[in-house]
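Colleague: Spelled out, the chains give:
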Amino acid sequence: MIEIKNLHKSYEMGSSSLHVLKGIDFSVADGELVAIMGSSGSGKSTLLNILGMLDNSDQGTYDLDKIRIANMDEKKAANYRNKFLGFVFQSFNLINYKNALENVALPLYYQGISRKERQVIALNYLGKVGLKDWSSHLPSELSGGQKQRVAIARALASNPKVLLADEPTGALDSKTSMEVMALIQKINNEGKTILVVTHEQDIAEMCKRIVLLKDGVIVEDKKVKQNIIKNV
Amino acid sequence: MSSLKKIFDRDTWDEIFESISKNKTRTIITTIGVFWGIFIYIALAGSATGLENGFDDAFSGLSKNSMGVWAQRTSIPYKGFEEGRQPLFRLNDVDKLKSRIPEIEYISPGLQAGAFSGAPPLVTRGTRSDNFNVFGNFPVYAKISVIKIFDGGRYINEEDIKYERKVAVIGEGTQERLFTEGEDPLGKYIEINNVNFKVVGVTKFSQGSGFGSDSDITIPYTTFAKLYNRGDRYGFMFIAGYDYVNPNYLEETVMSNLKVLKTVSPEDDRAFGSFNIGSLFESIIKFTKGMVFLSLVVGIATIFAGVIGIGNIMLIAVKERTNELGIRRALGATPGEVKVQIVLESVFLTILAGIIGIIVGAFLLFVINIGTSGLEDFPFTNPTVPLAIVFGAFITMVTLGTLIGLIPAERAVSIKPIEALREE
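Chain order of the listed sequences is A and B.
To convert, note that position 27 of the first sequence is 27 in my numbering; the numbers rise steadily by one, no gaps.
To convert, note that position 408 of the second sequence is 408 in my numbering; the numbers rise steadily by one, no gaps.
Each hint should be verified, as a subset may be incorrect.
A few chain A residues that face chain B, going by a derived Cβ cut-off under 10 angstroms, partial list only [what the hints assert, rightly or not]: (1) 52; (2) 55; (3) 75; (4) 86; (5) 89; (6) 91; (7) 97; (8) 102; (9) 111; (10) 114; (11) 115; (12) 154; (13) 155.
To be clear, the hints were calculated from the coordinates, so they are not data collected in a lab.
Every value quoted in this text rests on a predicted model; they were computed, and no experiment measured them.
Ideal Cβ placement from N, Cα and C applies to all residues, glycine included.
Turn these sequences into a full structure, and let the hints steer you where they fit.
Modeller: Structure, rendered in structure tokens:
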């Protein structure tokens, strides 16, 4: 599904430049649930942003579902993001003046799907994350866990190939973190490829594979026995 | 281009209405600038028109391109004539002048006793008497100066001229002094220098309509000439040009032609006296034109300031919404879609504010109109704004709104989505 070869990325910081990714080789198969771990500054978020086509790499290749992602203009990148990728952020990033249903329907709007159809699909995904009854609530009327579930529903709404989650539990307490991770496991079990960036060991252990980043290189890449969450 | 198609897409507008209606404070602050601009503009332009109409009304008593000319005394000897001669006009000069100057519509020769020609004669009726100016006029005079006659009466007519009838048209002031209150003067007789005249009409006096007072008496020209033994000579005439004629040009042309007709030196500026209503009126027209222009400049400038205000607030709004726009782009909004949304929001707000401004401005003018309609001496009538000007202001607004919207729109997409998402 994802094929990365010799990926480099540096940021210009005034006169000096900061080499964040120093040659990453990495591939993800269909249906995997991968945790990308590392301390802050290890380059894990940068890697996720490049995977999410939110940022460009300096060197190396990136193939997503056998499509070469390179030198894209913003318009093409936007269309690819819309079709292939779903995002879940640490700070939820819901639009605060839109209710839960409208937030979930937004990626479908950019796909040009009609209003009626959008609402049907969005409601279906809200049901999937257990928030059907909360569809008309604004983000400010939802708890953190509920917000993140809305965000997950939104990420799923466009039926993407890959779900990218950047510290999805970073802003949540441990109980709600469990709920959110249980949801992620459930979606993964239904066949969706998911990448989770985290710096928490217990969260990483709920995935099927852990990739450890340190100073811009992968130092460890291992399959783990998944810690399956029950009875949340 | 797909972003062009977006403009007519209902979903695009739904998004815009949502964003506008759910950020009320921002929307209101944004629109106040343009609302105020267009409101001031409409109010100013309307007031200027009202003033113009008001002056128009005040001068409605006179043909705007009419002039008066009278014989004085020559100051330069010319072609064997000595200086100090009074170059009096003759009745056949009327046709001569008309054939020489095709721009002339009417000429009204006039004789007068009193005013600027001797002492006003004594007019008596029974035990009442007073001195009034008496004019001898042709019916054509009524075409140059608007004469309002009270019900039942009439002005001098061609029959009066032909038969040298002893009839008189008196002013309302004359009526007051010679008749008792409530008495109908029509058909009654008054004595002018011991000659009986039958009153056939009473004129309503209106400010600015002509040169006389409210108590002038007009009798047929021919009667006057016979009574005072003037023959076909006269010393004063009114001339009116067609509507298209420039009054200053008319005055100059009449003067130069008269000099030729009456054998007066072309350099002699004292042989005839003259004035024209046009130059008087013109300065007022210039004033109101200036007002209209001023309102245009002030109005456009205010609209401009208002639109710049919208641009400013949109810039702030874009900054405020960086995160939202970042989310939208992460979810698949292309830069074009984001730009279209921001420009359309800007244009929509401009139009909305403009329409409210036009409505409120028009309402203010309506109120002013009602408030001033009873005031006689305040020159303010029917304050309206021509549709073309409203339309022009509207086009200006929309154009400026679009252009100014481009700045925040460009700004919105210049930030990478990843940076926009980091913004909280």
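Colleague: Which numbered conditions among the earlier hints are violated in the structure presented, ordered from lowest to highest?
Modeller: none
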